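**Student:** Here are the chains, one letter per residue:
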Amino acid sequence: MSPQINFEEQFQAKVDAEIKIEPKDWMPDAYRKTLIRQISQHAHSEIVGMLPEGNWLTRAPSLKRKATLLAKIQDEAGHGLYLYSACETLGITRLQTIEDLLSGKAKYSSIFNYPSLSWADMGAIGWLVDGAAIMNQVALCRTSYGPYARAMVRICKEESFHQRQGYEIMMVLSKGSAAQKEMAQDALNRWWWPALMMFGPTDSESSNTEQSMKWKIKRHTNDELRQKFIDASIPQVNYLGLTVPDKDLKWNEERGHYDFGEIDWEEFWNVVKGNGICNKARLKARREAHEQGAWVREAAAAYAEKRASRVNEKVA
Amino acid sequence: MSPQINFEEQFQAKVDAEIKIEPKDWMPDAYRKTLIRQISQHAHSEIVGMLPEGNWLTRAPSLKRKATLLAKIQDEAGHGLYLYSACETLGITRLQTIEDLLSGKAKYSSIFNYPSLSWADMGAIGWLVDGAAIMNQVALCRTSYGPYARAMVRICKEESFHQRQGYEIMMVLSKGSAAQKEMAQDALNRWWWPALMMFGPTDSESSNTEQSMKWKIKRHTNDELRQKFIDASIPQVNYLGLTVPDKDLKWNEERGHYDFGEIDWEEFWNVVKGNGICNKARLKARREAHEQGAWVREAAAAYAEKRASRVNEKVA
Amino acid sequence: MNITLPSKNRTAMCDYVLQMADSNLILAQRLCEWCGHGPILEQDIALSNIGLDLLGATRSLYQYAAQLQNENKTEDDLAFLRGERDFRNFLICELPKGDFGFTVVRQFLFEAYQLLLLEALQQSSDTHLAAIAEKSHKEALYHYKWSAEWVIRLGDGTEESKRRVQESIDDIWTYTGEFFIATEWEQELIAAGAIPDFRTFANAWKEKVAEVFNEATLTMPPADVFMQKGGKNGVHTEHLGFLLAEMQYMQRQFPGEEW
Amino acid sequence: MNITLPSKNRTAMCDYVLQMADSNLILAQRLCEWCGHGPILEQDIALSNIGLDLLGATRSLYQYAAQLQNENKTEDDLAFLRGERDFRNFLICELPKGDFGFTVVRQFLFEAYQLLLLEALQQSSDTHLAAIAEKSHKEALYHYKWSAEWVIRLGDGTEESKRRVQESIDDIWTYTGEFFIATEWEQELIAAGAIPDFRTFANAWKEKVAEVFNEATLTMPPADVFMQKGGKNGVHTEHLGFLLAEMQYMQRQFPGEEW
Chain P
1 MSPQINFEEQ
11 FQAKVDAEIK
21 IEPKDWMPDA
31 YRKTLIRQIS
41 QHAHSEIVGM
51 LPEGNWLTRA
61 PSLKRKATLL
71 AKIQDEAGHG
81 LYLYSACETL
91 GITRLQTIED
101 LLSGKAKYSS
111 IFNYPSLSWA
121 DMGAIGWLVD
131 GAAIMNQVAL
141 CRTSYGPYAR
151 AMVRICKEES
161 FHQRQGYEIM
171 MVLSKGSAAQ
181 KEMAQDALNR
191 WWWPALMMFG
201 PTDSESSNTE
211 QSMKWKIKRH
221 TNDELRQKFI
231 DASIPQVNYL
241 GLTVPDKDLK
251 WNEERGHYDF
261 GEIDWEEFWN
271 VVKGNGICNK
281 ARLKARREAH
291 EQGAWVREAA
301 AAYAEKRASR
311 VNEKVA
Chain H
1 MSPQINFEEQ
11 FQAKVDAEIK
21 IEPKDWMPDA
31 YRKTLIRQIS
41 QHAHSEIVGM
51 LPEGNWLTRA
61 PSLKRKATLL
71 AKIQDEAGHG
81 LYLYSACETL
91 GITRLQTIED
101 LLSGKAKYSS
111 IFNYPSLSWA
121 DMGAIGWLVD
131 GAAIMNQVAL
141 CRTSYGPYAR
151 AMVRICKEES
161 FHQRQGYEIM
171 MVLSKGSAAQ
181 KEMAQDALNR
191 WWWPALMMFG
201 PTDSESSNTE
211 QSMKWKIKRH
221 TNDELRQKFI
231 DASIPQVNYL
241 GLTVPDKDLK
251 WNEERGHYDF
261 GEIDWEEFWN
271 VVKGNGICNK
281 ARLKARREAH
291 EQGAWVREAA
301 AAYAEKRASR
311 VNEKVA
Chain A
1 MNITLPSKNR
11 TAMCDYVLQM
21 ADSNLILAQR
31 LCEWCGHGPI
41 LEQDIALSNI
51 GLDLLGATRS
61 LYQYAAQLQN
71 ENKTEDDLAF
81 LRGERDFRNF
91 LICELPKGDF
101 GFTVVRQFLF
111 EAYQLLLLEA
121 LQQSSDTHLA
131 AIAEKSHKEA
141 LYHYKWSAEW
151 VIRLGDGTEE
161 SKRRVQESID
171 DIWTYTGEFF
181 IATEWEQELI
191 AAGAIPDFRT
201 FANAWKEKVA
211 EVFNEATLTM
221 PPADVFMQKG
231 GKNGVHTEHL
241 GFLLAEMQYM
251 QRQFPGEEW
Chain S
1 MNITLPSKNR
11 TAMCDYVLQM
21 ADSNLILAQR
31 LCEWCGHGPI
41 LEQDIALSNI
51 GLDLLGATRS
61 LYQYAAQLQN
71 ENKTEDDLAF
81 LRGERDFRNF
91 LICELPKGDF
101 GFTVVRQFLF
111 EAYQLLLLEA
121 LQQSSDTHLA
131 AIAEKSHKEA
141 LYHYKWSAEW
151 VIRLGDGTEE
161 SKRRVQESID
171 DIWTYTGEFF
181 IATEWEQELI
191 AAGAIPDFRT
201 FANAWKEKVA
211 EVFNEATLTM
221 PPADVFMQKG
231 GKNGVHTEHL
241 GFLLAEMQYM
251 QRQFPGEEW
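Residue numbers (this note's numbering), protein chains in the order written: chain P, 1 to 316; chain H, 1 to 316; chain A, 1 to 259; chain S, 1 to 259.
Bear in mind the hints are in silico, worked out from the structure with no lab data behind them. One should not assume that every hint holds.
No more than 30 Å apart at the CA atoms, straight line, and that leaves these computed lysine-lysine pairs for DSBU-like [unchecked claim]:
#, chain 1, residue 1, chain 2, residue 2
1, P, Lys64, S, Lys162
2, S, Lys73, S, Lys145
3, S, Lys208, P, Lys306
4, S, Lys138, H, Lys107
5, P, Lys273, P, Lys228
6, H, Lys280, S, Lys138
7, H, Lys64, H, Lys107
8, P, Lys280, S, Lys97
9, H, Lys284, H, Lys24
10, A, Lys97, S, Lys138
11, H, Lys284, A, Lys229
12, P, Lys181, A, Lys162
13, A, Lys138, P, Lys284
14, P, Lys157, S, Lys162
15, S, Lys206, P, Lys175
Estimated spans, in silico, between C-beta atoms of each pair [stated by the list, open to error]:
#, chain 1, residue 1, chain 2, residue 2, range
16, S, Gly256, H, Ala301, 51 to 61 Å
17, S, Glu257, P, Gln236, 45 to 55 Å
18, P, Leu102, S, Glu119, 38 to 48 Å
19, P, Ala301, H, Lys284, 46 to 56 Å
20, H, Glu291, P, Arg287, 20 to 30 Å
21, S, Gly256, P, Glu288, 44 to 54 Å
22, P, Glu210, A, Leu81, 32 to 42 Å
23, P, Ser103, H, Pro23, 51 to 61 Å
24, P, Gly256, A, Asp224, 43 to 53 Å
25, S, Lys145, H, Leu249, 51 to 61 Å
26, H, Ala301, P, Lys306, 22 to 32 Å
The structure displayed is predicted, hence computed values, not measured ones. Cβ coordinates follow ideal geometry from the N, Cα and C atoms, glycine included.
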């Protein structure tokens with residue numbers, strides 16, 4: 001037996017025993033690559049996800065909502081930071097990770113390629129989009145890679161808070177004027193299906209699931225999480241007095257779950273492929289921020305260097 | 001006697017006899033220079049004058065007003081064109097004239113360095129600023145230089161129309177709600193003194209007046225025109241039920257004119273020197289239009305050249 | 001006013017007229033942004049000219065929509081007091097103005113469609129709409145000619161102008177599909193013969209566009225480009241909200257006043 | 001709430017508190033425009049932090065102004081339902097955000113003033129205002145430190161960063177004069193001892209600024225630069241109208257709703 005195989009067995013044994021893998025531990029190359037792909041994608045999603053909400057910052061309808069929204073988006077930037085750091089423990093720099101996003105090589109969650117068109121979208125995004133994200137993330141708090149799992153614990157706490165805030169926005173609207181209620185229903189109509197798509201393709205179509213489950217990077221299948229999300233959300237929808245845009249939705253007593261209609265996977269793949277109404281705009285915004293910030297980063301680096309050499313001169 | 005002196009005498013004799021000077025006629029160098037300065041300054045004023053009004057195009061409160069305002073600003077662009085053409089007959093290209101504006105060498109009317117802050121400003125600018133301009137321009141319809149005089153005839157017709165439109169905006173506002181009336185009064189308060197300053201320094205301080213009068217480039221002194229403007233405007237102010245921000249204003253039976261308060265010449269010179277609240281912004285807007293349009297002008301020139309050479313090839 | 005109102009399909013016709021009016025208005029608003037900032041004085045004037053024509057058509061169309069609605073609304077109520085989700089304009093009209101090449105390409109693609117539509121609409125059984133179309137068609141001919149000439153000039157100009165204008169074409173193309181798909185109410189009107197079946201215009205439009213692109217040495221995007229939609233159903237890009245906030249501010253701030 | 005209201009100068013104090021609130025709000029609105037677009041993720045977060053502090057102060061100040069007014073208005077009425085001529089913010093706050101250097105310089109010059117003002121205001125006989133000032137002063141210390149560090153970093157960074165930041169200083173300088181001139185109602189309050197005489201802060205402010213510029217190898221504009229004014233009297237630049245149209249749109253469109 002080659003030592004390589006020993007490493008691999010030891011690694012899997014640790015995973016099976018729920019012992020966290022740490023940056024300096026040996027890990028299979030494919031594990032590392034899968035993690036880099038997944039964590040960086042998650043980090044990019046936090047950063048790109050700032051844009052649809054940022055779209056309403058300057059138009060928030062009250063000072064309190066403006067402040068809460070700003071704090072929420074700031075949290076997302078913070079999540080981005082944790083995750084870029086977790087990624088760096090796997091041997092890829094933040095700059096490289098970001099360049100992969102800007103070049104289109106790395107992906108981010110497709111949900112952010114939908115436009116935010118009304119104030120109610122700030123409610124729907126918090127409630128449904130963050131809600132769907134949490135379904136995934138709660139499981140990831142126990143993921144096998146230590147730094148990722150620990151980042152997730154911090155993120156999950158804040159995300160639940162965001163979700164409650166989002167739901168509260170929906171609550172106020174759905175109890176408000178006719179126009180406000182209509183706004184809330186419209187937002188639900190537009191975000192419901194995209195939120196369901198956030199869990200990814202159905203298990204039969206999903207390629208990476210099996211290996212990821214074995215490595216405990218992933219702990220539930222896409223369809224399991226999707227069902228869980230629907231089951232949790234429908235009572236919330238009912239409480240708001242709104243309806244989901246799915247005529248096939250109904251409680252299945254036998255399964256103990258809600259049955260739901262066919263997801264439009266053609267739309268899903270279209271948006272993933274770059275055809276969402278905002279794909280171009282999102283990447284453009286990120287590219288412009290990066291390019292227009294280049295002189296600032298260069299200045300900071302040059303200043304740090306000057307300072308270091310001045311200190312050295314003094315020491316010498 | 002040198003022939004030079006003969007030319008000069010002949011020239012002055014023509015001017016005295018009210019015969020128009022035409023581009024190919026001999027004219028004193030100083031006459032040419034004075035005209036270039038005056039006409040180009042006038043042209044630049046039309047173009048820069050598009051900006052404070054353009055500032056309200058996207059916010060005009062009705063479709064009719066939006067269309068009327070757009071048509072008005074378009075007329076100003078047209079006036080700019082006539083005047084740049086008149087300037088070209090004196091041997092300076094439009095491009096050179098524009099570059100003198102952008103470099104800060106050439107001036108434009110200082111009035112356009114005041115900001116347009118409310119919809120009522122669209123009324124006040126049309127009524128008072130165009131009104132003051134017309135006082136000058138009507139006299140210029142008989143100016144000694146032919147192309148300038150003819151451009152002025154066309155411009156004057158349109159300007160009177162603009163002035164009536166401006167006054168009509170003020171009329172609607174001053175008969176509207178309390179907020180609208182307040183808006184109208186506020187606009188009058190802000191534009192009244194700057195409009196009076198448009199006639200330039202008092203005669204005792206004005207340097208070029210005497211020679212320009214002799215050449216019939218100018219036909220009335222600054223103070224004459226200013227008094228005429230005030231006498232014409234006050235009944236219009238009264239009709240609106242508004243008041244001018246001048247506690248010293250009153251009818252002088254003996255003079256047959258309105259007496260008026262001291263003009264704040266320090267403010268006037270400050271704005272001329274570049275310290276108006278919009279001087280930087282106005283020049284910046286014109287520079288950006290020019291720079292961002294460079295590739296378009298180059299493309300048009302390149303295309304025209306290609307086309308010409310293709311025609312030549314066919315002919316050959 | 002003594003005009004012939006269509007006896008049935010009135011609601012659908014009202015929606016359709018609003019869609020035309022909204023598209024004209026939003027595009028005119030974008031052209032207004034050029035006023036005083038054009039690359040050449042003569043072209044500044046040309047853009048204002050087109051803007052004025054579009055605003056004129058906007059007013060006729062809103063007035064007619066208000067008549068069809070019969071709810072005692074004015075043209076300004078329809079322009080300034082409807083929310084973002086009520087606006088039915090083509091998405092192409094609301095895109096930010098971009099550089100001069102972008103504005104020219106957008107106008108060209110829009111006018112090439114307008115020419116076909118307005119020509120056919122002159123035969124509409126709705127005589128009022130037919131009359132508006134007749135006037136607008138004459139204007140569209142001029143807009144089309146102006147924008148086509150500029151597409152050619154920029155396409156066959158310098159390397160930079162060619163690159164810029166080609167990029168604009170590639171960016172805008174995805175928004176042209178909306179011209180040729182029919183909403184429910186449009187299907188109703190087409191079936192009733194009240195408006196032409198504009199879904200059949202796609203080929204003629206492409207030919208018109210190809211001819212000019214060809215002369216301009218520009219490349220037409222491939223046939224399988226994904227096409228955006230939503231505008232006619234009130235689902236817009238994120239740009240429209242900001243445009244409306246600015247455009248409607250005065251009427252929102254001072255409701256019910258005369259101006 | 002049981003707070004000490006000044007027995008006299010109430011109207012003047014209300015105007016002054018509104019002026020403070022407006023300046024905080026308008027500047028926070030400009031900082032909001034950076035969110036998601038910062039040059040470095042950490043600095044994106046820092047700008048949001050400052051924005052959040054300013055918004056917090058805005059709310060306390062409007063709430064207090066509403067109490068002084070005693071007309072049953074809310075903080076949101078004051079923020080979203082007043083017109084451009086009612087806003088009393090310093091002109092410096094409404095200038096477009098510019099590049100990162102511009103934003104940093106504006107913040108630095110503003111906070112250097114705020115530090116002096118808020119420190120003195122803590123001694124105000126108006127205990128409510130003094131309490132707000134105390135909280136804001138702590139925050140201003142952080143904002144000042146952050147912005148001063150960036151002024152130094154950019155000034156003493158690369159040639160490009162030095163050029164950019166120096167240009168921003170030269171552009172903004174003309175708007176700093178407003179810090180040190182008193183309106184009528186401010187003169188009244190100063191005379192009554194209700195607020196500090198901030199006209200006397202000019203030298204201390206300049207020293208504070210000069211120290212940082214010096215370390216940043218940047219040049220302070222000459223003493224005779226012409227100073228703009230008007231903001232505190234509601235006469236603004238052309239930028240504020242557009243900012244308000246966007247910021248107030250929802251409240252104008254849906255008056256009187258809860259959010």
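**Student:** None of the hints should be skipped; say for each whether it holds.
**Tutor:** Verification of the supplied hints:
A threshold of 30 Å between alpha carbons decides the hint, and for Lys64 of chain P with Lys162 of chain S the separation of about 38 Å lies outside it, so the pair is violated. About 36 Å separates the Cα atoms of Lys73 of chain S and Lys145 of chain S, which puts this hinted pair outside 30 Å; it is violated. Proximity of Lys208 of chain S to Lys306 of chain P is assessed by CA-CA distance (about 24 Å); at most 30 Å being required, the pair is judged to hold. A threshold of 30 Å between alpha carbons decides the hint, and for Lys138 of chain S with Lys107 of chain H the separation of about 48 Å lies outside it, so the pair is violated.
For the proposed pair Lys273 of chain P and Lys228 of chain P, the alpha carbon gap of about 27 Å is at most 30 Å, so the pair holds. Restraint check: the Cα-Cα separation between Lys280 of chain H and Lys138 of chain S comes to about 36 Å, which exceeds 30 Å; the hinted pair is violated. Of the supplied pair hints, the one linking Lys64 of chain H and Lys107 of chain H is violated, its CA atoms being roughly 34 Å apart against a limit of 30 Å. Restraint check for Lys280 of chain P and Lys97 of chain S: satisfied, since their Cα atoms lie roughly 24 Å apart, inside the 30 Å limit.
At roughly 37 Å between alpha-carbon atoms, Lys284 of chain H and Lys24 of chain H are farther apart than 30 Å, so this suggested pair is violated. Distance hint between Lys97 of chain A and Lys138 of chain S is unfulfilled; the C-alpha atoms sit about 44 Å from each other, more than 30 Å. For the given pair, Lys284 of chain H sits about 38 Å from Lys229 of chain A by alpha-carbon distance, which is inconsistent with the 30 Å threshold. A threshold of 30 Å between alpha carbons decides the hint, and for Lys181 of chain P with Lys162 of chain A the separation of about 49 Å lies outside it, so the pair is violated.
Simply put, Lys138 of chain A and Lys284 of chain P have alpha-carbon atoms about 38 Å apart, too far for the 30 Å limit, and the pair is violated. Between Lys157 of chain P and Lys162 of chain S the alpha-carbon distance is near 42 Å, which puts this suggested pair outside the 30 Å criterion. In summary, the hint linking Lys206 of chain S to Lys175 of chain P is not supported, as the alpha carbons are separated by about 53 Å, beyond the 30 Å threshold. The hinted window of 51 to 61 Å between Gly256 of chain S and Ala301 of chain H holds, with their beta carbons roughly 58 Å apart.
Between Glu257 of chain S and Gln236 of chain P the CB atoms are about 22 Å apart, so this pair departs from the stated range of 45 to 55 Å. For the pair Leu102 of chain P and Glu119 of chain S, the supplied restraint of 38 to 48 Å holds, since their beta-carbon distance comes to about 44 Å. Take Ala301 of chain P and Lys284 of chain H: their Cβ atoms lie about 31 Å apart, and the range 46 to 56 Å is violated. Judged by the Cβ atoms, the range 20 to 30 Å given for Glu291 of chain H and Arg287 of chain P holds: they are separated by roughly 23 Å.
Taken as a hint, the range 44 to 54 Å is violated for the pair Gly256 of chain S and Glu288 of chain P, whose Cβ atoms sit roughly 38 Å apart. In this structure the supplied range 32 to 42 Å is violated for Glu210 of chain P paired with Leu81 of chain A, their Cβ-Cβ distance being about 57 Å. At about 60 Å, the CB distance of Ser103 of chain P to Pro23 of chain H agrees with the hint of 51 to 61 Å. Range check, Gly256 of chain P to Asp224 of chain A: Cβ separation about 44 Å, and the 43 to 53 Å hint holds.
Remark: the range hint 51 to 61 Å for Lys145 of chain S to Leu249 of chain H is upheld by a beta-carbon distance near 54 Å. Here the CB-CB span from Ala301 of chain H to Lys306 of chain P is close to 47 Å, at odds with the stated 22 to 32 Å.
When each numbered hint is compared with the structure, violations occur for hints 1, 2, 4, 6, 7, 9, 10, 11, 12, 13, 14, 15, 17, 19, 21, 22 and 26.
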